[in-house]
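Engineer: Input sequences plus hints: build the corresponding full structure.
Protein chains in written order, with this note's numbering: chain A, 175 to 356; chain B, 2 to 495; chain C, 172 to 289.
It should be emphasised that the hints constitute simulated quantities derived from the structure, not laboratory data. Remember, predicted model here, so these are calculated numbers, not experimental data. Note that beta-carbon positions come from the ideal geometry of N, C-alpha and C, so glycine has one too. Just to be clear, a hint being listed does not mean it is correct.
Some chain C residues near chain B, calculated using beta-carbon distances under 8 Å [said to hold, decoys possible]: (1) Phe261; (2) Trp279; (3) Arg282.
Next come the chains, spelled out residue by residue.
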Amino acid sequence: MSYSLSELVRPLIFYLLSFITLGSAIMVVVKRNIFHSALFLILSFFGVAALFITLDAEFLAAVQVLVYIGAIAILILFAIMLTRRISDPLVRQTTRSYILGAFVGALLLFFLIFALLQLSPTTPYAPQTVQGGDATYPLGELLMTNYLIPFEVISVLLVAALIGAIILARREKRTGKRGEKR
Amino acid sequence: MKIDINWALLSPELTLIGGALVIFIVDLIFRRRARYLHLPLAIITLAVASWLLSSLGWNYQSTVADSFFTDRAAIFFKLIVYLGTFIILLLAEGYRPLSRYPLPEFTGLILLAASAMSFMVSSKDLILLYVSIEFASIVSYILAGYMRDNVESAEAGLKYFLFGASSSAVMLMGFALLFYVSGGVTNLPAMGQALVENNIHPAFIIIAFGLVAVGLSYKVGAVPIHGWVPDTYQGAPTPIAAFLSVSSKVAGIAVLLRIIIWLLPQESAIMGPWTMILSFSAMASMILGTTVGILQMNLKRLLAYSAIAHIGFVLIGIIVGMNYVTYTGNDFGKVSVLIYVAGYLFMNLGAFAIVNMIGNATGGYELHHYRGLASRKPVLALLLAVFLLALAGIPPTVGFIAKFYVLAAAIKADFIALAVVGILTSVVSLFLYARVLKVMYMDKPPKEEIPSKPIPAPSWAAVGLCLLGTLLWGIYPGPLIHFAKFCVKQIWLQ
Amino acid sequence: MFSDYAVVGITIIVSLGFVAVAIVSAWLVRPKRPSKLKQSTYECGEKPVGSGWVQYNVRFYLFALAFVVFDVEIIFLFAWAVVFKDLGIFGLIEMAVFIFILLFGLIWAWRKGALKWV
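Structural biologist: In structure tokens, the structure reads:
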């Protein structure tokens, strides 16, 4: 029985990273203190970034860390800090219909696993990933040619989201005496 | 490397985006001096976009690596979306609760939402489809919660957002699964072909499509993802509720129709179960919409449940249409969907317009505000009566024509159960709408005079347009039916 | 490729281990006699009053919001920069449109006072 090192290590790393990602995701939902939940969310994002690396998608891993952790998680933390009370024991952490929710979730999981089991494990459905070298170049190329319309639409989407969010979030302009601003 | 771009095909959407940006820029530069410019600018933009759209030619064309296309049905759906947007802009002008909030941005965002819905209807590529669905949804969340100091509006926006974000995540999972088994193709028709060629097990496709259907069901507001509709329609600013009920729904219907035809292989192992699932959804929507709607006291909520019932009807047409994809002879299913969508635009916007006008003038949307409306404001009461009867499907309105065609398509294609449920729920819905008529015509008006502010002129224009559409196509439906049949006679699988 | 990241993995494990060992060994060794005074929050010698949780100002949130939008712009710039050389003028125009639309967004946010700190 001679397994090469990488054959043994690969599944091990996958299970470890999955454990970290899923475990912290569960902690996000379970923790009473929202701030702690957000911190566990950051940990699960790190797990996802690491999983991207195991899939040879280094650009995506970098993007995950830069955008999800660097911008979105920070935004979430600021939004949390805008709330008045953070871990009031009177605030319900779970919805009243959590049994139904758990049932639907389990149903979804069952269907997903059932569907995936129908696939043959040996057929390579998706085309081979870029061997060696770096996947960023083909990604950039596709983005600028085939997917040009979504690319430009995304710029308009970002501006619309920015404008809308600022309108929803900004302070009222108090019109007091000149120079006096609350 | 360069890519071919047929700018003419993209011109309507680009016009809408450009128009929105112009409105934002004008507002930035001129501030208060250009307060009244945003509505004319928006209307000009819509007019130019519609003109460009109609000059595209009725043949199928596609551009940018086959990701964006136009064909007859796409032009039809987009015209409906633009017309709906136009009427909404008229309704939003002078809507009092919005006066505290920045109006140019409101108009600009509505134009951007229209452009996103336009992209949705014309997208052949998975990435473009998803980006445009998200774009339309995000702008809609903002618009629904626009009156942020109003608790109901904030609740509407938040509920809409939560439902939308989770449904969209589920839909993306479905798309990811289908993307994987089709060999990494993002072009949707090619994905459908690959699903057949790769011999994927039917159960997988059924489940993966189920996940996709969750997201699309959210967009059109059908059971089981209908929960957001009543609260969002009730809380959002009334013009936005009307916008969501028409333009957003129509774009969602167009996408649903295309996705079903492109992605679902025609084998009975998949079509059978999915026809059944969609039938349950259609029947549940119609039944729930009409029965729960009867209990409603708030006009906007009542119209929301009516919207759920109507989408059930449209689903009947889609079910017939999907089972007869290459049956070009009497493809009643798709024709009925197009006719219904056109008729629904006029009837529903008309009803919302009157509710908007009454709410704007008196500040109330509850049923007791409508007591004795016939004696206080006879014209408005009569107009609302016309639109509600149209929604119930009474001749000589376009509602009757639309329901007739859908039921005829269902019976002709042997979906008797669907037709029976459709007829029964139409009868029940009559009771739903008649309740409002009874309150308006037979109840005594309240003793105190309800203060009523004047109604701005653009609202009357909007109502006039809706009335024209509702009655004209009801009495003389020939041109509409002919146009719909023309738009359906095309190759759907490319 | 895997061997490169093995180094990263080992670095993470070693640094976590370093911190863990430092804290755990200190905890094992020190005497455990907690008192009320020792458990209270440290506030530079002052007596702490009230809860430590203060509701922040919304301007932090607005800045983080603008940052998210421009961070997403940055990642598209990265993807574009890799292929820029082979795209020619066409690529330049595509990205210029993208950047100008987002530049407009920035100017809008600026003029509407979302970027004011005071």
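Engineer: Each of the hints needs a verdict: does it hold here or not?
Structural biologist: Outcome of the hint check:
1. Phe261: Since the shortest Cβ distance to chain B is 5 Å, the answer is holds.
2. Trp279: holds (6 Å)
3. Arg282: holds (5 Å)
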